[in-house]
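Colleague: Chains as they are written, first to last, in the numbering used here: chain A, 3 to 122; chain B, 2 to 151; chain C, 3 to 256.
Everything labelled a hint here was simulated from the structure, so no lab data went into it. C-beta: ideal position from N, C-alpha, C; glycine also. Some clues are possibly wrong.
Claimed, not checked - No farther apart than 20 Å at their CA atoms in a straight line, the calculated lysine to aspartate or glutamate pairs in the DMTMM-like style are these:
no., chain 1, residue 1, chain 2, residue 2
1, B, K37, A, D28
2, C, K67, C, E22
3, B, K72, A, D28
Unchecked claim - On the chain C side, residues computed to face chain A include the following (Cβ under 7 Å):
no., residue
4, L143
5, A178
6, L181
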Amino acid sequence: MGFKEKVVPTIRISDSLLVPIQIDLDDKTVEQLQAQLLAEIQEHRVRAVILDVRMVEVIDSYISYTLTETAAMAHLMGCRTVICGIQPPVALTLAQMGIELQGFLVARDLEHAIGMVYSP
Amino acid sequence: MDGKLRELLDISENDFDVVVRISREEDIAIARQMAKQLAQELGFSLADVTKVATAVSELARNIYRYAKPGKIMIRKRPEESGGPAIQVVAADRGPGIESVDRVLTKGYTTHERSLGIGLSGIRRLMDFCEIASEVGTGTAVVVEKRRRKF
Amino acid sequence: MDNNLVEMLVEELEAGSKQEEKLWRNLLPGVVSGATGNNLREAIREPLFGLLQELGETALGAKLKLVIERTPTIPAAELLSLILELCGELRHDSEQAVRELERMLSELATPIIRIWREILLVPLIGGLDSDRAQGMAERLLDRVSATRAKVVVVDVTGVPTIDTAAGGFLIETFSAVKLLGTEVILTGLKPEIAHTLVKLGVDFRMVAIARDLEDALRQAIAMIEEDRSRQRKIVWARGSNFPDEAEGGEHNGI
Chain A
3 MGFKEKVVPT IRISDSLLVP IQIDLDDKTV EQLQAQLLAE IQEHRVRAVI
53 LDVRMVEVID SYISYTLTET AAMAHLMGCR TVICGIQPPV ALTLAQMGIE
103 LQGFLVARDL EHAIGMVYSP
Chain B
2 MDGKLRELLD ISENDFDVVV RISREEDIAI ARQMAKQLAQ ELGFSLADVT
52 KVATAVSELA RNIYRYAKPG KIMIRKRPEE SGGPAIQVVA ADRGPGIESV
102 DRVLTKGYTT HERSLGIGLS GIRRLMDFCE IASEVGTGTA VVVEKRRRKF
Chain C
3 MDNNLVEMLV EELEAGSKQE EKLWRNLLPG VVSGATGNNL REAIREPLFG
53 LLQELGETAL GAKLKLVIER TPTIPAAELL SLILELCGEL RHDSEQAVRE
103 LERMLSELAT PIIRIWREIL LVPLIGGLDS DRAQGMAERL LDRVSATRAK
153 VVVVDVTGVP TIDTAAGGFL IETFSAVKLL GTEVILTGLK PEIAHTLVKL
203 GVDFRMVAIA RDLEDALRQA IAMIEEDRSR QRKIVWARGS NFPDEAEGGE
253 HNGI
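Bound conformation, chain A alone (with noise of 0.2 Å):
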């Protein structure tokens, strides 16, 4: 994948692929992500995505819709995804909302989405 079609700039590590979003999300951006890690799983044989989103200040219903929908693709795909790194107003917001982020291990940190990757 070009360098010009990634919205989020992402790091692997042996076999996971990091992902840490330090842009605003917005629909486009987020259906544009959404394409990007599917075909880096793809290219790259990755088996566990981490999202790291402390920069993301408003994860709104279709965000959070269109991050859903790219774990349960990326499970489909023989890969789990992590998100960490939820800022306490986003998770509030969620909360309130009744929105779940399902099909997601949530961790603390990436230290921590590190160990939920790992874990035997």
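Given the coordinates of chain A, work out where chains B and C should sit on it, guided by the hints.
Modeller: Then chains B and C, alone, in the frame of chain A:
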């Protein structure tokens, strides 16, 4: 015709601090950003700023998806009796909603890429939510959130 | 002549204390001087404020009536608006104080205590309304995030009743904590609360439940131990057999 809806569709833009027209996808992010800024100016907690921004994001997306063009109007109401509040009016002259009760049910959606959480989620996030709609005329949603005492 | 009038009035007002008498002496010269506008305001603002606090609205009103009757030249209209303004300020101040107290009470009623490394305890006391619940949730999430706590123990022994709304607030708070990647253990549910919760259909299946605080702490420590041993295993596994070269097997759980 619904008087409340007519009144909201004709409401003067001059009475608002911010008016964002919603016709392109990027406008959703702009509306969200403006809402965030006004809530911050009113001294809302960070969590409540995020809740207001998220609710506006949902409102703007509903317009973009089902009824563009429309507009999001936001005003600060520092002197409300229950404490300073922010009010958002989302208005469009789109197709209108057939059953308002049904769209407020969590999980109901006509869109294939949606959780059906939009309006019910907005209602949970805000302190006040009113919907006026008529098929063929348009839809107006008024939501408010006041600054919490603690 | 003004002085005589002032003395006469002070005499007649029968001040109940030295402090009150002093305030009248400060106030009256301004009132009878014939000054108007801002001069008058500046002159009488402070003593009037003092008297309002000293005597309260009713007693001050009665005494001012007397003053006005004795002094025909008094600018009654201006005095009235100034007094209303001061009353407004006083009310505003006391409202501010009440708000501050409410906030303090809400914080005092929900302390967040670090009882163990990476374990926070939240003993909830009193009823849960929307504002209080949201304030509590915000403070808790900030603490969890700042301390990187792995487990939060919520003890509801001090909560008299939990209705649907309060149950909903708790569930929202627990979901939010879990979105930070932190576990929640709920304890202190009295039989009658458990009864109502089930009847109301409030579903706490998403959190671990403990019999009492001791049990909660034991469970929490077990969770932390498990987490640590998992981390150790990874370090060990990576040291001996870097997963890049390792084939398959160990990552089969999805």
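Colleague: Please go over all the hints and tell whether each is borne out by the structure.
Modeller: Evaluated hints:
For the suggested pair B/K37 and A/D28, the alpha carbons sit about 15 Å apart, so the restraint of at most 20 Å is met. For the suggested pair C/K67 and C/E22, the alpha carbons sit about 17 Å apart, so the restraint of at most 20 Å is met. About 18 Å separates the Cα atoms of B/K72 and A/D28, which keeps this hinted pair within 20 Å; it holds. Restraint check, C/L143 versus chain A: the minimum CB separation of about 4 Å is within 7 Å; hint holds.
This hint holds: C/A178 has a C-beta 4 Å from the nearest C-beta of chain A, less than the 7 Å allowed. Here the hint on C/L181 is kept, as its CB sits about 4 Å from the closest CB of chain A, short of 7 Å.
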